[in-house]
Amino acid sequence: MENNFKKKNFLKEKIKFLRFSFLKLILEGNKYHIGGSLSCLDMMACLLYGGEIQLEKKNRNLFILSKGHALGIFYAILIDKKLLSKKRYDLLSRNNKIGGQLDVKNIKYIDWNTGSLGHSIGVAIGMAIANPKKKIYTIIGDAEIDEGSVWEGLFFISEQKIKNIHIIIDRNKLSASSFIEKKEVLDKNFLNSLKLKIFKFNGHKVEKILQYFESIKSNRESTIAIINTIKGNGIKLFENNIKYSHGQPDNETLKKIIKKINNYYE
Amino acid sequence: MNKDIRDIFFDNIRNKFLKDSKIFILTNDADVYSLQRIKNHKRFIDTGVAEQNLINIAAGLSHSTNKSLIYGFCTFLTFRCYEQLKFNVGSHNLNCKIVGVGPGYSFSNDGPTHHAIQDLYLIYLIPEFEIYNIADNNLANQLSENIFNISGPIYIRLDKGILNYNSNEKYNLKKGFALKKKYQKNKNLIITSGYFNKIANDLSDEMKNFDVLNLFRLKNFNKSMFLNTCQKYKNIIIYDENTFFGGITPIIQSIFYEYKYSPKFKVICSPEKQLFKYAKSRNEILKLLKLDKLSLKKQIYNFFI
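The listed protein sequences derive, respectively, from chains H and L.
Here the first sequence stands for residues 164 to 429, where the numbers follow my numbering.
Here the second sequence stands for residues 4 to 308, where the numbers follow my numbering.
It cannot be assumed that every hint is accurate.
In silico SDA-like links for lysine to any residue, alpha-carbon gap of 25 angstroms or less [what the hints assert, rightly or not]: (1) K300(L) x L176(L); (2) K42(L) x K345(H); (3) K271(H) x S154(L); (4) K42(L) x Q323(H); (5) K297(H) x H44(L); (6) K345(H) x F318(H); (7) K42(L) x G164(L); (8) K358(H) x F47(L); (9) K268(H) x L128(L); (10) K89(L) x S279(H); (11) K89(L) x K358(H).
Hints listed in this document are in silico derivations from the structure and should not be mistaken for laboratory results.
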């Protein structure tokens, strides 16, 4: 019980810190999509610090960040975990070796190149068949489910009873250019017809995320978790603001926001 | 080897598959006789007609040390899943072998959806992919025996029928082309690939006034040897079942351009159009397009004289 309490608090602090680090990377001139990154930050932090994906270990579960434009959070995590030194990150960035797309060639903790949407579920199936003892996690965006390959993959998982894939849909209700609060295909009844285990919860509540991990710990079936999130979560100006879906704030605005968060750490 | 070229190729693949637990075979509901008896094997995956998923799964499977071989129609394994090939297979440089059956007009009655006359160059545009274009039993045998020794992604266009016309040729898979000399002093050359190599060979047996070069490896073939070979000829024809921009012509032209080599030169190839014509045989379609053996004979007569 006490351990759980500690873990929750640790993750909540980590989330705040990662938000701060991520924005600092942007202030330094790195370009990332703010809205979609902040909406899945909490889930990524829980996945990568909560024990589900232990990047430090060799024989670990695999992770595909299908919404690859949220990679800034991944870099912030790698730097915080000291798996990538800030010096090396800066060097790679200066030498144009890292940017807006995950690249397995330059950073070994990345399991798959992403950037084109809709590919990850099929790739995860291949990984799942090749690695039946590992769990394969993928975070996809809610706009991404319009890609037909997502459904080709979901039908295959259902029909072939693939047991070790966990799909997390970041339901932030905003695509790059539009509000997409009405997505009937995300209806639980429709998804239930695929005979996959469906979870639906608030993606910004650490307790709920940990409960989800707990319930898939020992189960041997693939799952879909629809996490309700807010695009740009945690920073009022960015929240549900289509301008910051992929647009960058000016430096003065960003400095003010970071200063405000910085006070928390001082 | 009086067998269908597909049986030769896939018999070898099946034997390798049964011996090597790292090999996975995948298809989009395509049927190949030689592989029927392993269809229920756990490493045989039929995704149904979902080519994007097919390529994604193969890519994920090859993420570790596995090797995957995918087979299906040329047109569907290229056009329908191009981004998956480019990004998931190509950018990771995976050990995926894509075997396209039905190149050219080999499925002559099925219309432009099945006419594979641009797929070759489409795959050529993906930097990491190697391409082999095979319409010769002997070559199919050699390539399928060695397919997993060649690393990285490969697209293989595999023809159909008994194509047993070059059984004594010792192909060099690395060099990537083979020259058939008919007469020592010939100054005329036809460069071709795939099924048209057979037609050109048949015609050169009759006419004997030109040699035939079979370019079967399309990306990393030995370009300087290829150029040296071409430079021994005065008159060159490219004879290709694909379209001008969809086949071997831009590949050869770019080499000639790079080395400032400009022989007397002619291209005989498919027109740049989607052909809504249907025929019971490939030859009928080729006749319609003036690409059959007789038409070739007429066209080269004046050029070579």
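Provide an ascending list of the numbers of those earlier hints which the structure does not satisfy.
Hints 1, 2, 11 contradicted; others consistent.
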